[in-house]
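Protein chains in written order, with my numbering: chain R, 30 to 338; chain S, 29 to 372; chain E, 154 to 484.
Calculated from the structure, these hints are not laboratory results.
Hints are not guaranteed to be accurate.
[Said to hold, decoys possible] Taking lysine to any residue and the SDA-like style, the derived pairs with C-alpha atoms no more than 25 Å apart in a straight line are:
| no. | chain 1 | residue 1 | chain 2 | residue 2 |
| --- | --- | --- | --- | --- |
| 1 | S | Lys154 | E | Ile291 |
| 2 | S | Lys154 | E | Arg390 |
| 3 | S | Lys119 | S | His227 |
| 4 | E | Lys248 | E | Ile166 |
| 5 | E | Lys388 | S | Gln126 |
| 6 | E | Lys388 | S | His227 |
| 7 | S | Lys154 | S | Thr137 |
| 8 | S | Lys119 | E | Gln391 |
| 9 | E | Lys248 | S | Glu183 |
| 10 | E | Lys226 | S | Lys155 |
| 11 | S | Lys155 | E | Val392 |
| 12 | E | Lys248 | E | Val457 |
| 13 | S | Lys154 | S | Gln126 |
| 14 | E | Lys226 | S | Val337 |
| 15 | S | Lys119 | E | Arg476 |
| 16 | E | Lys388 | S | Lys311 |
| 17 | S | Lys201 | E | Thr228 |
| 18 | S | Lys201 | E | Val392 |
| 19 | E | Lys388 | S | Gln159 |
| 20 | S | Lys155 | E | Leu164 |
| 21 | S | Lys154 | E | Val457 |
| 22 | E | Lys248 | E | Arg279 |
| 23 | E | Lys388 | S | Pro134 |
| 24 | S | Lys154 | E | Leu179 |
| 25 | R | Lys103 | R | Gly126 |
| 26 | E | Lys248 | S | Asp163 |
Predicted, not measured: the structure shown is a model, and the values here were computed from it.
Here is how the chains run, residue by residue.
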Amino acid sequence: MAISVPDRSLAEEHIGGAPSTDETDYSVAPATPKGDVWRRFRRNRLAMIGLVVIVLIVLAAIFADFLTTGQPGKVNPGDANQRLFSPGHPLGTDRVGRDLYTDVLYGARVSLRIGLFAGLIAASIGIVVGAISAFYGRWIDTSIMRFTDILLSLPYILIALAIITVVGPGERTVILVLGLLGWMAIARVLRASILQVKESEYVEAARAVGASNRRIIFRHILPNTIQPVIVYTTLFIGAAVLSEAALSFLGVGVQRPTPAWGLMVAEGRRSLANYPHMLFVPAIALSILVTAAVFVGDGLRDALDPKLK
Amino acid sequence: MEPLLIVDDLHTGFHTDGGYVQAVDGISYEIYPGETFAIVGESGSGKSVSALTIMGLINVPPGEIKAGRIEWKGRDLLTLPEDERRAIRGKEIAMIFQDPMTSLNPVHTIGRQIGEMSRTHEGTSKKEARQKAVDLLDLVGIPQPDIRVDNYPHEFSGGMRQRAMIAMAIACKPSLLIADEPTTALDVTVQAQVLEVIHNIRDEIDSAVMLITHDLGVVAGMADRVMVMYAGRQAELGTADEVFYEPRHPYTLGLLASLPRVDEAGVERLVPIIGHPPSLINKPSGCVFHPRCPFVQDMCISEVPELRVVEGDAHMSACHYAETLRDVSRSDLAATVEELEELA
Amino acid sequence: MTGYVIRRLLLVIPVVWGALTILFILFFIVPGDPVELMAGASGRAVPDATRQAIEQQFGLDDPIIVQYGNFWKRTLTGDLGTSYASRRPVADILKETFPNSLRLAIWAIVIETVVGISVGVLSAIRRYSLADNVTTVITALAASIPVFVLGFIFQQVFGVFPNEQGWPEWARLPVQGTPEHWNFFLFPSDWQYLILPMIVLASVGTALVARMTRTTMLEVSRADYMRTARAKGVKERQVVLRHGLRNALIPVVTLIGLDLANLIGAAIITETVFNWRGMGRQIATSIFRRDAPVVLGLTLVLVVAYVLINLLVDLSYGFFDPRVRIGKEKS
Numbered sequence: 030m031a032i033s034v035p036d037r038s039l040a041e042e043h044i045g046g047a048p049s050t051d052e053t054d055y056s057v058a059p060a061t062p063k064g065d066v067w068r069r070f071r072r073n074r075l076a077m078i079g080l081v082v083i084v085l086i087v088l089a090a091i092f093a094d095f096l097t098t099g100q101p102g103k104v105n106p107g108d109a110n111q112r113l114f115s116p117g118h119p120l121g122t123d124r125v126g127r128d129l130y131t132d133v134l135y136g137a138r139v140s141l142r143i144g145l146f147a148g149l150i151a152a153s154i155g156i157v158v159g160a161i162s163a164f165y166g167r168w169i170d171t172s173i174m175r176f177t178d179i180l181l182s183l184p185y186i187l188i189a190l191a192i193i194t195v196v197g198p199g200e201r202t203v204i205l206v207l208g209l210l211g212w213m214a215i216a217r218v219l220r221a222s223i224l225q226v227k228e229s230e231y232v233e234a235a236r237a238v239g240a241s242n243r244r245i246i247f248r249h250i251l252p253n254t255i256q257p258v259i260v261y262t263t264l265f266i267g268a269a270v271l272s273e274a275a276l277s278f279l280g281v282g283v284q285r286p287t288p289a290w291g292l293m294v295a296e297g298r299r300s301l302a303n304y305p306h307m308l309f310v311p312a313i314a315l316s317i318l319v320t321a322a323v324f325v326g327d328g329l330r331d332a333l334d335p336k337l338k
Numbered sequence: 029m030e031p032l033l034i035v036d037d038l039h040t041g042f043h044t045d046g047g048y049v050q051a052v053d054g055i056s057y058e059i060y061p062g063e064t065f066a067i068v069g070e071s072g073s074g075k076s077v078s079a080l081t082i083m084g085l086i087n088v089p090p091g092e093i094k095a096g097r098i099e100w101k102g103r104d105l106l107t108l109p110e111d112e113r114r115a116i117r118g119k120e121i122a123m124i125f126q127d128p129m130t131s132l133n134p135v136h137t138i139g140r141q142i143g144e145m146s147r148t149h150e151g152t153s154k155k156e157a158r159q160k161a162v163d164l165l166d167l168v169g170i171p172q173p174d175i176r177v178d179n180y181p182h183e184f185s186g187g188m189r190q191r192a193m194i195a196m197a198i199a200c201k202p203s204l205l206i207a208d209e210p211t212t213a214l215d216v217t218v219q220a221q222v223l224e225v226i227h228n229i230r231d232e233i234d235s236a237v238m239l240i241t242h243d244l245g246v247v248a249g250m251a252d253r254v255m256v257m258y259a260g261r262q263a264e265l266g267t268a269d270e271v272f273y274e275p276r277h278p279y280t281l282g283l284l285a286s287l288p289r290v291d292e293a294g295v296e297r298l299v300p301i302i303g304h305p306p307s308l309i310n311k312p313s314g315c316v317f318h319p320r321c322p323f324v325q326d327m328c329i330s331e332v333p334e335l336r337v338v339e340g341d342a343h344m345s346a347c348h349y350a351e352t353l354r355d356v357s358r359s360d361l362a363a364t365v366e367e368l369e370e371l372a
Numbered sequence: 154m155t156g157y158v159i160r161r162l163l164l165v166i167p168v169v170w171g172a173l174t175i176l177f178i179l180f181f182i183v184p185g186d187p188v189e190l191m192a193g194a195s196g197r198a199v200p201d202a203t204r205q206a207i208e209q210q211f212g213l214d215d216p217i218i219v220q221y222g223n224f225w226k227r228t229l230t231g232d233l234g235t236s237y238a239s240r241r242p243v244a245d246i247l248k249e250t251f252p253n254s255l256r257l258a259i260w261a262i263v264i265e266t267v268v269g270i271s272v273g274v275l276s277a278i279r280r281y282s283l284a285d286n287v288t289t290v291i292t293a294l295a296a297s298i299p300v301f302v303l304g305f306i307f308q309q310v311f312g313v314f315p316n317e318q319g320w321p322e323w324a325r326l327p328v329q330g331t332p333e334h335w336n337f338f339l340f341p342s343d344w345q346y347l348i349l350p351m352i353v354l355a356s357v358g359t360a361l362v363a364r365m366t367r368t369t370m371l372e373v374s375r376a377d378y379m380r381t382a383r384a385k386g387v388k389e390r391q392v393v394l395r396h397g398l399r400n401a402l403i404p405v406v407t408l409i410g411l412d413l414a415n416l417i418g419a420a421i422i423t424e425t426v427f428n429w430r431g432m433g434r435q436i437a438t439s440i441f442r443r444d445a446p447v448v449l450g451l452t453l454v455l456v457v458a459y460v461l462i463n464l465l466v467d468l469s470y471g472f473f474d475p476r477v478r479i480g481k482e483k484s
């Protein structure tokens, strides 16, 4: 028997607990995860600057043909040793008359190609190896990790040096070598990530509900474990660009006439005392690209990891 | 008797991306020496935040403590300079937290963490502090305290960790011990043990206890007085007997009715509180509980009810119709709720 | 505990074996004629007789497998071979270069630890302040400027320029060379030679340590036990240092340890720029010259050092994080 409380109809109106205001109820879960990540990334000023810079560099590289009339790597002894802001040579020329502005633009292509492709190779191999290692477990895991340890114990630069010396320098070799020497860390990172997630409760829950292994992998495990890989790969790309610079400095990187920033720095060293711009122009270009990559990598890491806000 | 703690019209909120969260929305109460004062409410009711505000552990941006006064032994904590507040923290008012595993530092021994209390406030030497820690561990019932004192937190079981936390909190014999959900993270059997420890400690060091929980069962055994909170505001305040046997707020009624009871097993359906917890950013107008109240009236939507005495000397409720609830029994409530559910 | 250490030590063996085998393969299935290297260059063809003699002496005419076996045989007896290029025993070359690399690496680590951690802690405490943002940018830059560029800049600023301007001795630093006399292994009498290479080598690592320390400090600041420490009335500085930093340093220490393992070999660029007589530079030169024994011998030492340091880092983990200690049972 109901209570005789006057005007029960009012209660009826409010059944269901809907808030009596018209405004959005903020206690409900927010936007989709992807939108979330982008939103957080956008708020990170340094990361956005880095992203813009990278986009600009990419655009400059793509449209290099339209941004300059010079030929990349074209030697012109008559025009040697021009300083910055000389007529016809906004960034000056080097010892043998190559226009720095043109070379820097085309050199961007090289650096970007090397960074991207080395990163792709390293990431592809790393993801596959890491995933296999984590999912199959047992002795496959142990042997793969052992093998990774062996490769990691070899000094990176020296091995790259050895291989390139043996095979012959050039852009393609550099890309391959950097990629082949970089997958190990990615494999490790992914493996650790997967192992952690595999045992977590929501995977257990999915299994309890009867989700197939395939579904679990793609819908639960992968999205959550791919994050450190993304961050690491971004940083790896920056590191690959630097490694190419180091290899060029040692003489085994990209060869002339292709302009490459690392190569240009090495070449510029000789004139450092009299014409410092020959070294600094490509050096600054390198630093800007890598710094931007670092900011973006940082931003990605912070955006993907909500706890760190 | 003079109250130890007077909380007067306290407002604590947080600036978040979604808006300003009004976590504690004008609460006032007093705690007297030696009593066990329970604060009951769901998650989001503001009970923990109010305790943290008293302790001074709210980060001021993004938090904001607007208005209000917190008087401890005659001094307004909110106007004290930080180092004076820090002197009180731990020494006169101590707090233990919900999850002892994460609340203890994993790289320091238990003994060192307990000892830190006396070393900070009383300047004791390392050796003395360690001995004191051993004594305290013994007091809370940990076996082999002289060995255990050099263990790390991960070497203790859950219940033992919580006891260690209690030992740590009472090291300087505080006048008020705030226990924020001390048993929530523990097994049921262990819960009882830990509560017993708190109970005994209270007598041992002669302190008052503020027990924060969402578990009414825990309250029933231990509390002298009870305050029920909802959405940052007070719903009801009175002695344990008054609140349990003569509830005067629909929310309290709902809470009590929704408790499964051993003596009624199989007899009646559990009576839920309809609806879901409100947003703390856009609170409902008038009485904050009105969207879920089975007895809601016009005035409830337009006017915020004041916390006022509705029975006896000090039994207070924040409901416009508190007096009419006197005659409402559990089965009445169940029937009303059932009818309303059918209509929905 | 000892069982664990022994097991880990045993693991060193396959790693070293694997690494060296890979190198061996790289070197020996490859073009590049060591005979020419040894018999003198200047474009003249090597007379057959000489070629045969050299090949025989160095066992270069044996099939690969035999060469491989011989390599291990002599290595395991402590004979690291003889350089093709200089005819000196590899062991001598090792004695000259390894200590220098080690010294430079140790000093770089000292800088990384002291400067890196302090900067990281300060920027975590003053999060989002101007100092923090500036630090973030500087550390990103330090990690992004190619090491050799940094080296060149320092050489110019601290060495070449003061020289040209005729500044007094005390205001200049030498730009090339390795100290000759060392006291207590780490402290050279002619310490000026150490300054620039040490700072340049440490630059990237310091930046990384600072960034990681900041990150871990921020993570740790959210931990419940920090709130408990404050609730106990502990002074804020103690909370941050004794409770926060102590926990935050655990991964950082690992990073520093691994960096040490890397630095010994990876210093090649710095060594080249500053003409520092270390292993990295030596191996690089030897690679160009196809001087296999030097490369193999020195890299062997590098790999062993790397693996051992890694092992030490793993073991020290238990020292810093009691949760990981081997052998302590949960009561």
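Open item on the list: Does S:Val337 sit within 25 Å of E:Lys226, going by the straight-line distance between their CA atoms?
Closed with: violated, 96 Å
Open item on the list: Checking one constraint from the list: CA of E:Lys248 to CA of S:Glu183, max 25 Å. Satisfied?
Closed with: violated, 48 Å
TODO: Below or equal to 25 Å on CA atoms is what counts here, so check S:Lys154 against E:Leu179.
DONE: Violated, because 61 Å separates the two Cα atoms, which is more than 25 Å.
Task: Hinted pair S:Lys119 and E:Arg476, Cα distance within 25 Å - done: violated, 30 Å
Task: Pair hint E:Lys248 and S:Asp163, alpha-carbon separation not exceeding 25 Å - done: violated, 59 Å
TODO: Verify the proposed pairing of S:Lys155 with E:Leu164, using a straight-line Cα cut of 25 Å.
DONE: violated, 44 Å
TODO: Quickly compare the C-alpha distance for E:Lys388 and S:Gln126 to 25 Å and report which way the hint goes.
DONE: The given pair, whose Cα atoms are some 23 Å apart, holds under the 25 Å limit.
Task: Hint consistency between S:Lys119 and E:Gln391 [alpha-carbon to alpha-carbon, up to 25 Å] - done: holds, 17 Å
Task: S:Lys119 paired with S:His227 [C-alpha distance capped at 25 Å] - done: holds, 19 Å
Open item on the list: Hinted pair, alpha-carbon criterion (25 Å max): E:Lys388, S:Gln159. Please report holds or violated.
Closed with: With a Cα-Cα distance of about 23 Å, the restraint between E:Lys388 and S:Gln159 holds, given a limit of 25 Å.
Open item on the list: What's the verdict on S:Lys201 and E:Val392, does the C-alpha distance respect the 25 Å limit or exceed it?
Closed with: It holds: about 22 Å lies between the C-alpha atoms, which stays within 25 Å.
TODO: Could you grab the alpha-carbon distance between S:Lys154 and E:Arg390 and see if it respects the 25 Å cut-off?
DONE: It holds: about 19 Å lies between the C-alpha atoms, which stays within 25 Å.
In summary, the numbered hints that this structure violates are 1, 6, 9, 10, 13, 14, 15, 16, 17, 20, 21, 22, 24 and 26.
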